[in-house]
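Visitor: Sequence:
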Amino acid sequence: MAFGVILYLSSAVSGRRQIWPLEGTIVEIGRSSKCAIQLADGTVSKVHSELSRAGDGWLLRDLGSRNGTRLNGQQVSEPKAIKPGDKLEVGQVILDVTTEADPTPTIYSDAFDLASSLRIPAAQILSPGVSPATGPGAADIVHLMAEVGQLLILPRPLPETCDLILAIAERAVSATRLVLLLRDRPGADPVQMAARIKGGSATEPLALSRTIMEMVLTENTAVVTKDAALDPRFKSQQSIVLQGIHSAMAVPLFDNTRVLGLIYADSVDPRAYYGQRELEVLTLVANMAAVKITNARLLEADDSRRRMAQELATATGIQRGMLPARPPEVVGWRFHTRLESCYEVGGDLYDFHEAPNGTVGFLVGDVSGKGMGAALLMSSFLSSSRTLFDMGLSPGELVTRLNALMYRNSDPAHFVTAFIARLDPNNGRLEFVNAGHPPPYLIGPSGMRTLDATGIPIGMLEEFPFTVGSIDIEPGDLLAVFTDGIPEAKRGDDFFEDERLEGILKELAPTLDIDELGPELIRRVDAFLDGEPRSDDITLLLVSREGTQAS
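Quick note on our numbering: the sequence shown kicks off at 60 and runs consecutively.
There may be inaccurate statements among the hints.
Keeping only pairs whose Cα atoms sit at most 27 Å apart, straight-line, the calculated BS3-like set for lysine-lysine is [as the list claims (entries may be wrong)]:
#, residue 1, residue 2
1, K146, K93
2, K565, K105
3, K565, K549
4, K549, K105
5, K93, K105
6, K142, K105
7, K93, K565
8, K549, K146
9, K139, K105
10, K139, K93
11, K146, K105
12, K142, K93
13, K93, K549
Label-pair restraints from in silico Cβ distances [what the hints assert, rightly or not]:
#, residue 1, residue 2, range
14, R460, M381, 16 to 26 Å
15, N354, I581, 36 to 46 Å
16, E388, D243, 46 to 56 Å
17, E575, E388, 13 to 23 Å
18, R330, N279, 29 to 39 Å
19, T84, R365, 55 to 65 Å
20, N279, E561, 14 to 24 Å
21, L358, T570, 50 to 60 Å
Note that these hints are calculated values from the structure, not bench results. These figures come from a predicted structure and were not determined experimentally. Here a beta-carbon is modelled for each residue, glycine too, at the ideal position from N, C-alpha and C.
Based on the provided sequences and hints, a complete structural model is requested.
Guide: Take a look at the structure:
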């Protein structure tokens, strides 16, 4: 790369396009406001990765982030050089490497002579007072419009609706071929939904001019070619309509809000002539049909949502039923739990296990991802952990076995952060493994401390030497274990953050009962969100030892 060429990173963050020049020697990327490139996204760590200047170029490094950094789809485990055209994935945020400060796509247009064509904006044809239903044949057109009106009333599946629309269009205009195409979203190529040839259904796709198609879809314009032999669009390589076409016509399927697709008609009959009247009639048919198609899609979507709601309600009941009905009752100890999913089902979990020797095992976990996929992995993880708890394994042995199971049975991109512990209620001794989980807080008269990570998330590597930590919970102490749905609760570009959580726990722990503290903490999170929906599941487990420390 020539010296002096400036590279830029660009990305769409929170719906806005942002561009950052790479300047200086070190450029940090992360969620923190201290980073030169701040990405306000929950999948991005505070200081996630960095770019360092190397000669005339830049090297990308991951800084031990939770969700990883990728370059062109490959995990960055060691410094990698970047170049224009590369794609960086920081968590789930994609950044493009470019040499332009304001990259915009190049738009190409084909110049052609429209001498043999007629173009009329659909809005003009559909405006009040404009109707082809006058003059010769007016009664037939009125009858045809009445038939289309009946079509709007009768409920039918979308494919059947599209085929009936073409049957009516075939009566409106004389055509050798008719095809109806719909697109799923703006900019996407439309998909053929129905086609007819000489009065019968056509099962093979029909070819048509891409130039005309794009004009109809992007400009909401009805187009007719009076003599295809003289139209340069049908001579170019872009035109893929079969030879022998005399007249062709395409009109938008416009539902008065957006263009859903188009109806295309052509004829090889030299006696057939498409003019303004034919164009207006087919446009009116297409407009009424588009309203029906929108209604059919809404009906299908509503049916699908209803079925999904029923399935999710069942899944929610099953998932909730897997969690402990109530915390254990242990003399001298109090436990409190809360789990609130941001969707019907989620990937957060907690569990307790009372061993015959009197110790109490517990865990809090967070499966990567959200929704049904995370819920299925959560169920598998919870079942496996219970089996291993029953075997009387220590936290270190349990995590090692869970890690091997998760690695073998799931994609490495899916993992679980977890805090797994075993408590001896007699002396307050807590043994734990923090597998890449947000550090829990231990709050007491002597202050606050964190139980930092002792290993990586479960399932990321086939083998890992997890370390077991230990701590004594004294009388009057409170242990708060939570998932990142609390510190990473997001309002606009601001996060709840660990510092705010620490302050609330220090304020509330000395004065509130454990069953009051949990709801109040969640209330503070919701107050921070100020009406914005939660973007992640929230799980909270509180453990307190009754009594006071000896002075």
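Visitor: Please go over all the hints and tell whether each is borne out by the structure.
Guide: Comparing the hints with the structure gives:
A C-alpha spacing of about 23 Å is found between K146 and K93, which places the hinted pair at or below 27 Å, so the restraint holds. Distance check on the hinted pair: K565 and K105 sit about 23 Å apart at the alpha-carbon level, within 27 Å; holds. With a CA separation close to 22 Å, the supplied pair K565 and K549 stays within the 27 Å bound. Of the pairs offered as hints, the one joining K549 and K105 holds, with about 14 Å between alpha carbons and a cut-off of 27 Å not exceeded.
A hinted pair counts as satisfied when its Cα atoms are at most 27 Å apart, and K93 with K105 qualifies at roughly 9 Å. The hinted pair formed by K142 and K105 meets the criterion: a straight-line CA distance of about 25 Å does not exceed 27 Å. Our distance criterion of 27 Å between C-alpha atoms is met by K93 and K565, whose separation comes to about 26 Å. For the hint linking K549 to K146, the alpha-carbon distance of about 26 Å falls within 27 Å, and the restraint holds.
About 21 Å separates the Cα atoms of K139 and K105, which keeps this hinted pair within 27 Å; it holds. For the given pair, K139 sits about 23 Å from K93 by alpha-carbon distance, which is consistent with the 27 Å threshold. For the hint linking K146 to K105, the alpha-carbon distance of about 21 Å falls within 27 Å, and the restraint holds. For the proposed pair K142 and K93, the alpha carbon gap of about 25 Å is at most 27 Å, so the pair holds.
Using a Cα cut-off of 27 Å, the hinted pair K93 and K549 holds, with the two alpha carbons roughly 17 Å apart. Between R460 and M381 the CB atoms are about 20 Å apart, so this pair conforms to the stated range of 16 to 26 Å. For the hinted restraint 36 to 46 Å between N354 and I581, the CB-CB distance of approximately 41 Å keeps it satisfied. Distance hint for E388 and D243: a CB-CB separation of about 55 Å, consistent with the stated range 46 to 56 Å.
The supplied range of 13 to 23 Å is met by E575 and E388, whose beta-carbon atoms lie about 19 Å from each other. Evaluation of the 29 to 39 Å hint for R330 and N279 yields a pass: the beta carbon distance comes to about 31 Å. In this structure the supplied range 55 to 65 Å holds for T84 paired with R365, their Cβ-Cβ distance being about 57 Å. Roughly 56 Å separates the CB atoms of N279 and E561, a value that falls outside the hinted 14 to 24 Å.
In this structure the supplied range 50 to 60 Å holds for L358 paired with T570, their Cβ-Cβ distance being about 55 Å.
The structure does not agree with numbered hint 20 stated previously, though it agrees with all others.
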